[in-house]
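Start counting the sequence shown at 1; every next residue gets the next number (my numbering).
In short, the hints are calculated from the structure, not lab data. Treat the numbers as computed from the prediction; the structure is a model and nothing was measured. There could be a bad hint or two in this list.
[To be verified] Okay, the calculated beta carbon distance ranges per label pair:
hint, residue 1, residue 2, range
1, Glu33, Phe113, 16 to 22 Å
2, Lys4, Leu73, 16 to 22 Å
3, Arg88, Thr6, 33 to 39 Å
[Claimed, not checked] Result set (BS3-like, lysine-lysine): computed pairs, CA atoms no more than 30 Å apart in a straight line:
hint, residue 1, residue 2
4, Lys119, Lys4
5, Lys119, Lys69
6, Lys4, Lys69
7, Lys119, Lys43
8, Lys69, Lys37
9, Lys69, Lys43
10, Lys37, Lys4
11, Lys4, Lys43
Beta carbons are placed, not taken as given, at the ideal position from N, Cα and C, and that holds for glycine.
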Amino acid sequence: MDAKHTNRLIHETSPYLLQHAHNPVDWYPWGEEAFTKARSENKPILLSVGYSACHWCHVMERESFEDEKIAALMNDLFVNIKVDREERPDIDEIYMNAVQMLTGRGGWPMTVFLTPEGKPFYGGTYFPPEDRHGMPGFPR
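Build out the structure end to end from the sequences listed, making use of the hints.
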């Protein structure tokens, strides 16, 4: 992997979060810094929740989070937060319940779009890099 990018996850201890520390996505760990930035810039939050043994989490990283164009879009439109569900099952449970209520299903990776205050308004699981098999493409 090309290490020309380093984001805030480099300071985390979770192996899953560290795996994303060199994505071109400007990831934040869960915390007040990310929410303060979202509020001050009036940007929605893209919350991505996964775990190390999750196959589709790795696929989504490879297809989308390591893609320079998709990362640029994410960085421009959102404050991006990455959570390890094994480290923060409390956050995972709250937002999984929300995704299941919004869509009728859930799973990982979980992608949730939040207001700057942390309220979910859309969500889903794996999003491919382009429309595929009836699923909307991630950049859409």
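Quiz item: Holds or violated: are the alpha carbons of Lys119 and Lys43 at most 30 Å from each other?
Solution: Holds, at about 13 Å.
Quiz item: Straight-line Cα separation of Lys4 and Lys69 no greater than 30 Å?
Solution: It holds: about 15 Å lies between the C-alpha atoms, which stays within 30 Å.
Quiz item: Does the structure keep Lys37 and Lys4 at a Cα separation of 30 Å or less?
Solution: holds, 24 Å
Quiz item: Within 30 Å, alpha carbon to alpha carbon, are Lys119 and Lys69?
Solution: holds, 27 Å
Self-check item: 16 to 22 Å as the expected CB spacing between Phe113 and Glu33, which holds or is violated
Solution: With a Cβ separation near 19 Å, Glu33 and Phe113 satisfy 16 to 22 Å, so the hint holds.
Quiz item: When you check the alpha-carbon spacing of Lys69 and Lys37, does it fall within 30 Å?
Solution: holds, 22 Å
Quiz prompt | Assessment of proposed distance window 33 to 39 Å (beta carbons of Arg88, Thr6) | solution = violated, 22 Å
Practice problem: Would you check the hint for Lys69 and Lys43, treating anything up to 30 Å between C-alpha atoms as holding? | Solution: holds, 19 Å
Practice problem: With a cut-off of 30 Å on the C-alpha distance, tell me whether Lys4 and Lys43 pass. | Solution: holds, 26 Å
Quiz item: Quick one: are Lys4 and Leu73 within 16 to 22 Å, going by C-beta?
Solution: About 18 Å separates the Cβ atoms of Lys4 and Leu73, which means 16 to 22 Å holds.
Quiz item: Are the Cα positions of Lys119 and Lys4 separated by 30 Å at most?
Solution: Violated: Lys119 and Lys4 sit about 33 Å apart, past 30 Å.
Of the hints listed earlier, those the structure fails to meet are numbers 3 and 4, in rising order.
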